[in-house]
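**Q** Chain order of the listed sequences is A and B. Position one of the first sequence corresponds to residue 6 (the numbering used here), numbered consecutively onward. Position one of the second sequence corresponds to residue 7 (the numbering used here), numbered consecutively onward.
Each hint can be trusted.
Derived pair list, reagent style DSSO-like, types lysine-lysine, alpha-carbon separation capped at 30 Å:
id : chain 1 : residue 1 : chain 2 : residue 2
1  : B       : 354       : B       : 390
2  : B       : 97        : A       : 116
3  : A       : 143       : B       : 278
4  : B       : 178       : B       : 375
5  : B       : 211       : A       : 143
6  : A       : 122       : B       : 278
7  : A       : 116       : B       : 69
8  : A       : 122       : B       : 211
9  : B       : 357       : B       : 375
10 : B       : 69        : B       : 302
11 : B       : 83        : A       : 116
12 : A       : 122       : B       : 308
13 : A       : 116       : B       : 308
14 : B       : 95        : B       : 81
15 : A       : 122       : B       : 191
16 : B       : 302       : A       : 122
17 : B       : 95        : A       : 116
18 : B       : 381       : B       : 278
19 : B       : 381       : A       : 122
20 : B       : 258       : B       : 205
21 : B       : 204       : B       : 174
22 : B       : 375       : B       : 174
23 : A       : 91        : A       : 190
24 : B       : 390       : B       : 191
25 : B       : 258       : A       : 143
26 : B       : 390       : A       : 122
27 : B       : 101       : B       : 151
28 : B       : 132       : B       : 369
29 : B       : 278       : A       : 116
30 : B       : 354       : B       : 69
31 : B       : 399       : B       : 205
32 : A       : 122       : B       : 258
33 : B       : 302       : B       : 357
34 : B       : 95        : A       : 122
35 : B       : 348       : B       : 83
36 : B       : 69        : A       : 122
Here are a few chain B residues that sit away from chain A, every Cβ distance over 12 Å (derived from the structure):
id : residue
37 : 179
38 : 188
39 : 206
40 : 302
Please keep in mind that the hints were generated in silico from the structure rather than gathered at the bench. Note that the structure is predicted; figures quoted are calculated from it, not measured. Ideal Cβ placement from N, Cα and C applies to all residues, glycine included.
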Amino acid sequence: MFGQLIVSGLAVGACYALLALAMVIIYKSSEVLNFAQGEMAMISTFVTFSLLETYHVPFEWAVVLTFLFAILLGMFFELVFLRQAKDPTVIGLIIITLGFEMILMGFAGWKWGPDQKSFPFPVSNIEAYNFHGLFISKINFWTILISLVLMFILFLFFRYTKLGIAMRATQQNQLAARVMGIRTKWILSFTWAISSMVGLVAGILIAALGVLDPPMMMDPLLKGFASGVLGGMTSLPGTAVGGAMLGIIENLFGGYVSLAFKSVVAFAIIILMLCIRPSGLLAKHYVKKV
Amino acid sequence: MLKKNLTLIGLLMVTVLLIAVPASAQKVRGVTDTEILIGQWGPQTGPAAPWGAVARGTDLLVKIINEEGGINGRKFKYLLRDDSYQPAKTKAIAKEFVERIGVFAVVGGVGVATGMTARDYLMENKVPWYGPVTGVYEWITPIQKYLFALYPLYDDEAYNLTEYLHEKLGFKKIAMFYQNDDYGKQGVQGVERYLMRKKLSPVAKISAEVTDRDLSTHALMLKNSGADAVIMWTMPTHAALILAETAKIGFKPQWATSSTLSDSVLLMQITKGLWAGMINSFFGELPDSNHPLMVKYREAHKRLAPQERWGVFYYAGIIFSEPFFEGVRRAGRNLTPETWVKAMETIKDFKGIGPPVTYAGLKDRQGGKHVFYGKVRPDGTIEKLTDWIRITK
Chain A
6 MFGQLIVSGL AVGACYALLA LAMVIIYKSS EVLNFAQGEM AMISTFVTFS
56 LLETYHVPFE WAVVLTFLFA ILLGMFFELV FLRQAKDPTV IGLIIITLGF
106 EMILMGFAGW KWGPDQKSFP FPVSNIEAYN FHGLFISKIN FWTILISLVL
156 MFILFLFFRY TKLGIAMRAT QQNQLAARVM GIRTKWILSF TWAISSMVGL
206 VAGILIAALG VLDPPMMMDP LLKGFASGVL GGMTSLPGTA VGGAMLGIIE
256 NLFGGYVSLA FKSVVAFAII ILMLCIRPSG LLAKHYVKKV
Chain B
7 MLKKNLTLIG LLMVTVLLIA VPASAQKVRG VTDTEILIGQ WGPQTGPAAP
57 WGAVARGTDL LVKIINEEGG INGRKFKYLL RDDSYQPAKT KAIAKEFVER
107 IGVFAVVGGV GVATGMTARD YLMENKVPWY GPVTGVYEWI TPIQKYLFAL
157 YPLYDDEAYN LTEYLHEKLG FKKIAMFYQN DDYGKQGVQG VERYLMRKKL
207 SPVAKISAEV TDRDLSTHAL MLKNSGADAV IMWTMPTHAA LILAETAKIG
257 FKPQWATSST LSDSVLLMQI TKGLWAGMIN SFFGELPDSN HPLMVKYREA
307 HKRLAPQERW GVFYYAGIIF SEPFFEGVRR AGRNLTPETW VKAMETIKDF
357 KGIGPPVTYA GLKDRQGGKH VFYGKVRPDG TIEKLTDWIR ITK
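One chain only, chain A, in its complex shape:
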């Protein structure tokens, strides 16, 4: 049972980590917690679903086209809603993300209806690999693998590409970045676009693991946020570690302590981390001189 709990925890933790990554990418650049992240991912996943089911587009092409949609959605939100905010404070921007979340939720209910949908993923969510009694379902295996690959790509992107370095520079000091010739406004839009793409991957995996419906991201988003707090809201590797840890901790707690309280573990972790190590496990704690 222990091994099984770890494997299942890692799979669900990988999804939490992706959502946390999507949130952290934005948080690092603007200190805004994007509460619409889950619904942006949900809408993009529904678009993939429509391309697959209504227009019978092959899976690979449907994903590619939805990536484009996710980019546009992220940039649209940043340009049309956030950038237009007058004298924005961080709290004001967070409220805007909450409003956008509601709009997207209502839109999905209206467009695709309230019934759950089965997301057509090319990997079976039932078949499993059996390693000496330890079942690793194909979908769990691919979820972990896809998440790891995506995290590695993000690492390479931020480390070695011009755009990635420009984004990091903007995240660290917007004014200095602007002085160095970086078009920081565009960089902010790109940040939202990349975050939206990462969220889409999480959305597709979560829909494939369960069902596709408008509220499907509510719980994972909160867990993603908890993962970010656990690993560090300013550390990309931290969120990956935080997601994996949260998935495993939740499963072990549910399996050995109390299933009824399994879902509140994430929130206990948020409180605990904010009390003892507010910067998270892997992020550096900066102290500002005043």
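Model the placement of chain B on the given structure of chain A, informed by the hints.
**A** Leaving out everything else, chain B in the frame of chain A:
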């Protein structure tokens, strides 16, 4: 001068009273010479949204009745509100129905916790409420004058389903997977009540919270219990998630579930076929039934609501409102909450497309007491295992 003024004021008051008294004596909230206002809440968004189809199904029956000219010379105006399965919203909707709109009655309404926030308020305001869409004791204990329940009790349904699994099908190790609220707990109550009578107990009782999306641990614990049959009392999302998770780890017990999950078309689709083999209880005719009323409703559905999927959750909205309209019919032209209650109390063995419905004055407000069992075939159709069985003795 003062005397003259007092006389004038007195005359004015008498006039106002003379005009006002007859009017208020005649006026019934939500009823005019030509129209009756009724309302229903239901989750059109949120995790329980598939059950929201019930409220839209009622709309179809209202349209059919209005097309036929209404009842006793009055047509119906139907108001549907989305409460997202959130009790706070339900209470606000109930207040809107009574204080702002002024409905004659509330029909249906999905949810125990949601309905409970409105029950006392509706009763205090003498608003007839027919057919809350849950089978719990809260609607009939204590008996409320203006509240009539239809849905067969979960407790009795679970008791009889366990009996069926144990005695007819021979399952000995029975586990329970349920939603951690009144809905799920009354299912657990029925399972335990039967097993206790047999000096047994469930091999596992595993619960899930409404918002839970990861049920991998739940599945493992069910597997480790060694159950050969699992009864589930959850919402559709959790039903799909637990079947997928148990299939992943190679756990394949006999599943059985309540009538709340009897929309096999939807469930076959969202479980990617894992729903096949499910033993289900049913409280209404099957979707493809040749019952004359079902034929009539299906035809009307094609004409009046083609955008809706013809599934159990949808036409359950008809089941939960047919007896209400029968009560309005029997109450005659002089429709008031009192005459409607009296008319409802005369209903005996009423048969629409749901279970036979009988009320007995203030002694018995539980209308539906029957279900039947069916098994889901691989193509999603239902093999009827029994005829109607009386589950509430």
